[in-house]
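Let the sequences and hints guide you as you build the complete structure.
Chains A and B supply the protein sequences, listed in that same order. Going by the numbering used here, the first sequence runs without a break in its numbering and finishes at 781. Going by the numbering used here, the second sequence runs without a break in its numbering and finishes at 1477.
Hint data in this document are derived by calculation from the structure and do not stem from the laboratory. Please note that a few of the clues may not be correct.
Calculated lysine to aspartate or glutamate pairs in the DMTMM-like style (CA-CA distance at most 25 Å, straight line) [what the hints assert, rightly or not]:
hint, chain 1, residue 1, chain 2, residue 2
1, A, K539, B, D1238
2, A, K539, B, E1410
3, B, K1306, B, D1178
4, B, K1274, B, D1238
5, A, K539, B, D1343
6, A, K732, B, E1399
7, B, K1358, A, D770
8, B, K1181, B, E1133
9, A, K675, B, D1352
10, A, K778, B, D1352
11, A, K778, B, E1410
12, A, K539, B, D1406
13, A, K675, B, D1465
14, B, K1333, A, D770
15, B, K1212, A, D445
16, A, K675, A, E665
17, A, K539, B, E1351
18, A, K539, B, E1342
19, B, K1347, A, D770
20, B, K1347, A, E774
21, A, K732, B, E1365
22, B, K1274, A, D445
23, B, K1340, A, E774
24, B, K1358, A, D541
25, B, K1274, B, D1303
26, A, K778, B, E1342
The lines below spell out each chain.
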Amino acid sequence: MEFHLNEVQSALKDSSIEVLRDICTPQRNLDMWSRGVAIDEDLWTSLASLGWFGVCVPERHGGLGLGAAELCLIAEQIGYVSAIGPIVPTLAAGAIIGSAPEGSSMAKLLELIAQGERRIAIYVKHDAPILGSMRNSAPQVNWLNDSATVSGTWPFMPWAESADTLLIPVLGPRGQDVIATIGSDSPGLSFQTLSNIDQGTRWSHVSLMNTEVSQGDWLEISGTRASDLNAISSAAEILGACRRCLDLSLEYAGVRSQFGKLIGTFQAVRHHCADMYVGIENASSVIAHAAAAVDAGLTTASSSAAVAAITAHQVGIKVWTNALQVHGGIGFTWECELHLCIKRIMALQGGMGSLDHHSEMLLKTNF
Amino acid sequence: MNGNESIEESKLRERVRQWLIDHVPLADPVALEEKRDWHKKLYNAGMVGMTWPLEFGGQGAGPMVQAIVSSELALANAPNPINQAGLEIAGPSLMHYGSDRQKVRYLRPILEGTELWCQLYSEPNAGSDLASLKTSAVRDGDSYVVNGQKVWISEGPWSDYGVLLARTDRTAPKHKGISCFLVDMRSQGLEVRPLKQITGSAHFSEVFLTGVRIPSENLIGSENDGWKVAMAALAFERGGNSLARIMRYQMAFRKLTITLSKLEDSNGKPLIEDIGIRRKLGATWAEIEVQRVTALRLLSMAESGQDLSGLPSAHKLSYSEFERRYMDLAQELLGPWGRLTDGQQLNELMVGTSSAEPGTWAHSTLWSRAVTIFAGTSEIQRNIIADRVLLMPREPRTS
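Listed below in structure tokens is the structure:
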């Protein structure tokens, strides 16, 4: 067991910190929020030119063929700067689709992903509660030979309206897990836009009405691997936002004085920060552990991913709460960048599956 | 010991409830004039400034009746009277320390809502440590010249007057060199700038004072006695809204249970039928009851003039920390629904904050973190309890 980063991973981490912190300044993010910008195009172009979107795409399809560990490294830095756009799902898509038959349309999609030419949205089933009225539009798939028509509604799908291609898991012709690609121009595709507390995140209810999925537009995948990858990459993004919360708190506690002393010298404030640190390190351990388990294809991967998700839920709340408490009034102003991280944590937690869902997964896989 | 409302209290509650059914406007007043009209209606119905002495236009009532009225306003989703800072800060300060001329001139318009007030206390560098405030007031003939910056001003943009704390003696120990003034908010050199909060709205403002002249007759109390004036008013500030806040907790709870009966799990079972969720909800309702009963206990002690000791600090600490847990539970149960910022999908998501600002659970969750900060942070409340109630050995302090 090794928890330290190898050379490639260290280089990836360093360069992602450098690039992201250079481009994604809080002022720029807030400006994009106010203009309703869904994708940070400058950032996307930079990441594409650096070849990042190929990190998880297999080498034979033009990527680097790396795995969940590297996905999490980048997701963490994305969370740190509250970057805007479907970056993490597009990165994860390479890992979820994996290898595709030579010359197939899936292989072509992977090549385009690696080049940064496709924005991807992924639906991951995580049992979000729905209104009774939405049950009538539960997904239906009708297979005829190797093509299908798909209808139904997929609630709370992140980034669907910003994406060129939607990846939606459905039951295959033989009852197996398959992932269907739906182009943004597919007939029968419609969206119901949802307003999110994190204005740098997009959600919508996605509906399909007799949309055709032809042979070649779907691929057999491991459904559990897809949901594990989603859980740990969301957890990693939360971890990054938590680190930012702590860094901002330490910075503020080091300059803010009350009662003639820096507030960082007060025990109550020091303890808040120390507790944040403990949570962050715990989350860091279990996320790295889960990513390694997914990469090694271990049977315990889903269990480890559930632990990572549960920890991200618990630590996330603790950290943003403490960060606001350390900041006091200034943390409640729009100008203070802290709220970018807080809202990112809230949104990710809402979209990654509930504490109950992951607790149930954990119990199911172990007992 | 009697934990029930008295007959008089119940009658008042019923009378107010009926009045509100008959009078609450269909749409919340938006324009200042509409808000003033609503305030005037409430005042004429005897529901504003009830605890003010008779001689100043109040009813000389105890804090319980005002708390009952406020909680009924919350229950009816009625707009609040305007001029909170006038009724709770400026008014009491003037009653206790103002000159006869000031009392005659300013108190009645505060009650009637014809002149609106704000509180100019906090500064960017003086929050928990309010006494370290730096805004200066320098005597020049028969006026003072004021320079400085104030922050966290409610109702700043439409206030007519402000209660201002400023330093008049730099050489004195920090609590002893502060004076309290009333300042015309339209004075030359006074600028109000809205302060956008993380919830997206601008409920607060910043106020910049540059060479503002205040006539010396606008001192409240004596020069350098401002700390005493401020503390007397702050003591008055707490308590009157406690039942209204708890009423809002109860109303949000009701909306939460309705939402959980509409939302279903993946098996089609309404969440409200889930045993794990029911246990959490039951424990939460018990916590709301703890806050409600404690608030009633505090009000009844204040009614009978008993020493409240550290109970107000304990109550503030308790309800604010509870509010966080409550909001976190709602977020946990609602999942993505808790992160939405409008009621388009489900009207019951519009619960409003505990301070009666409109919004969804997402807004009220963010706001719950302000409650552990304003009016004395949780850390300050713990220090007060340890120092003044438990009489524990004190931490070394530099000032």
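Structure-based check of all given hints:
For the hint linking A:K539 to B:D1238, the alpha-carbon distance of about 56 Å lies beyond 25 Å, and the restraint is violated. For the hint linking A:K539 to B:E1410, the alpha-carbon distance of about 17 Å falls within 25 Å, and the restraint holds. A C-alpha spacing of about 19 Å is found between B:K1306 and B:D1178, which places the hinted pair at or below 25 Å, so the restraint holds. Restraint check for B:K1274 and B:D1238: satisfied, since their Cα atoms lie roughly 21 Å apart, inside the 25 Å limit.
Pair hint A:K539 plus B:D1343 holds up; C-alpha atoms about 12 Å apart against a cutoff of 25 Å. A hinted pair counts as satisfied when its Cα atoms are at most 25 Å apart, and A:K732 with B:E1399 qualifies at roughly 13 Å. The hinted pair formed by B:K1358 and A:D770 meets the criterion: a straight-line CA distance of about 13 Å does not exceed 25 Å. Between B:K1181 and B:E1133, the direct Cα distance comes to roughly 10 Å. Compliance with the 25 Å bound is thereby established for this hinted pair.
Distance restraint check for A:K675 and B:D1352: the Cα-Cα separation of roughly 50 Å exceeds the 25 Å cut-off, and the hinted pair is therefore not satisfied. Simply put, A:K778 and B:D1352 have alpha-carbon atoms about 18 Å apart, close enough for the 25 Å limit, and the pair holds. With a C-alpha separation of about 20 Å, the suggested pair A:K778 and B:E1410 falls inside the 25 Å cut-off, and the hint holds. This hinted pair checks out: A:K539 and B:D1406 have alpha carbons roughly 23 Å apart, not beyond 25 Å.
Simply put, A:K675 and B:D1465 have alpha-carbon atoms about 19 Å apart, close enough for the 25 Å limit, and the pair holds. With a C-alpha separation of about 21 Å, the suggested pairing of B:K1333 with A:D770 holds against the 25 Å cut-off. For the hint linking B:K1212 to A:D445, the alpha-carbon distance of about 33 Å lies beyond 25 Å, and the restraint is violated. For the hint linking A:K675 to A:E665, the alpha-carbon distance of about 15 Å falls within 25 Å, and the restraint holds.
A distance of roughly 22 Å separates the Cα atoms of A:K539 and B:E1351; the hinted pair therefore holds under the 25 Å criterion. For the given pair, A:K539 sits about 15 Å from B:E1342 by alpha-carbon distance, which is consistent with the 25 Å threshold. Among the hinted pairs, B:K1347 with A:D770 is consistent with the structure: their alpha-carbon atoms are about 15 Å apart, no more than 25 Å. With a C-alpha separation of about 16 Å, the suggested pair B:K1347 and A:E774 falls inside the 25 Å cut-off, and the hint holds.
Taking the CA atoms of A:K732 and B:E1365, the gap is about 20 Å. The hint holds against a cut of 25 Å. At most 25 Å may separate the alpha-carbon atoms for a hinted pair to count; B:K1274 and A:D445 meet this at roughly 14 Å. Using a Cα cut-off of 25 Å, the hinted pair B:K1340 and A:E774 holds, with the two alpha carbons roughly 22 Å apart. Between the alpha carbons of B:K1358 and A:D541 the distance comes to roughly 20 Å, so the proposed pair stays at or under 25 Å and holds.
Taking the CA atoms of B:K1274 and B:D1303, the gap is near 33 Å; set against the 25 Å cutoff, the hint is violated. For the given pair, A:K778 sits about 21 Å from B:E1342 by alpha-carbon distance, which is consistent with the 25 Å threshold.
Violated hints for the displayed structure, listed by number in ascending order: 1, 9, 15 and 25.
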